[in-house]
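Asks: Read off the chains here:
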Amino acid sequence: LAKTTQPISMDSYEGQEVNITCSHNNIATNDYITWYQQFPSQGPRFIIQGYKTKVTNEVASLFIPADRKSSTLSLPRVSLSDTAVYYCLVENSSYKLIFGSGTRLLVRP
Amino acid sequence: DAGVIQSPRHEVTEMGQEVTLRCKPISGHDYLFWYRQTMMRGLELLIYFNNNVPIDDSGMPEDRFSAKMPNASFSTLKIQPSEPRDSAVYFCASSFGGGAYEQYFGPGTRLTVT
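Respectively, the protein sequence lines represent chains A and B.
Taking this note's numbering, the leading residue of the first sequence gets 1089, the next gets one more, and so forth.
Taking this note's numbering, the leading residue of the second sequence gets 6, the next gets one more, and so forth.
Quick caveat, the hints were computed from the structure, so don't treat them as lab data.
Where hints are given, some of them may not hold.
Cβ pair distances, simulated, as ranges [said to hold, decoys possible]:
#	chain 1	residue 1	chain 2	residue 2	range
1	A	G1103	B	D62	24 to 34 Å
2	A	S1111	B	H15	29 to 39 Å
3	A	T1109	B	E49	17 to 27 Å
4	B	I60	A	D1099	35 to 45 Å
5	B	N56	A	T1160	15 to 25 Å
6	B	R69	A	T1109	32 to 42 Å
Computed, partial: chain B to chain A, Cβ under 7 Å [what the hints assert, rightly or not]:
#	residue
7	M45
8	M65
9	A72
10	F101
11	F110
C-beta: ideal position from N, C-alpha, C; glycine also.
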């Protein structure tokens, strides 16, 4: 079954680019890879989704290699308000939805 | 749209009592998901519905848990009887499309069972 792996935590400074990678083997071949942001005492909030290669929206980019065994969320020029926990969400080959364990990002001034 | 609405926001109950959590999805969404979040286990999918029909309930921990979706605008998650290990934050989410497609989460219900 698919297993997702994310770094537990990351530190950054304001204005830097942050890349968070989620490893996910054995995922469904025909479903999106999705990333969420969660602040304390709130529900996860959708950031971006992609199927392959690169997707960019107004807040982030998502890089997915051809083998789809990982995905990298890229946050350009982070600010203090980007301090949060970031999760990847995938569907495994048995069509089960699996959230990653989350990466706690701390942005320092 | 007001987004996904959950009630109550907080629930404190004693072991053995019945607990009912409620969710109103975003209008027009055809998928509804119930998740549980704990420090130890992270975010876990409990059950999801498509067009009000339960599709996958394999994440429901045991028979004490049940979920219903009587219509497109309302769902409940019931725990009977509740146990201290059920203490967690329960999230409802809805989407227009299944799988890992973009989901909109409610604010969650923090359940404490003493």
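Asks: Tell me the hint numbers this structure goes against, listed in increasing order.
Replies: 1, 5, 7, 8, 9, 10
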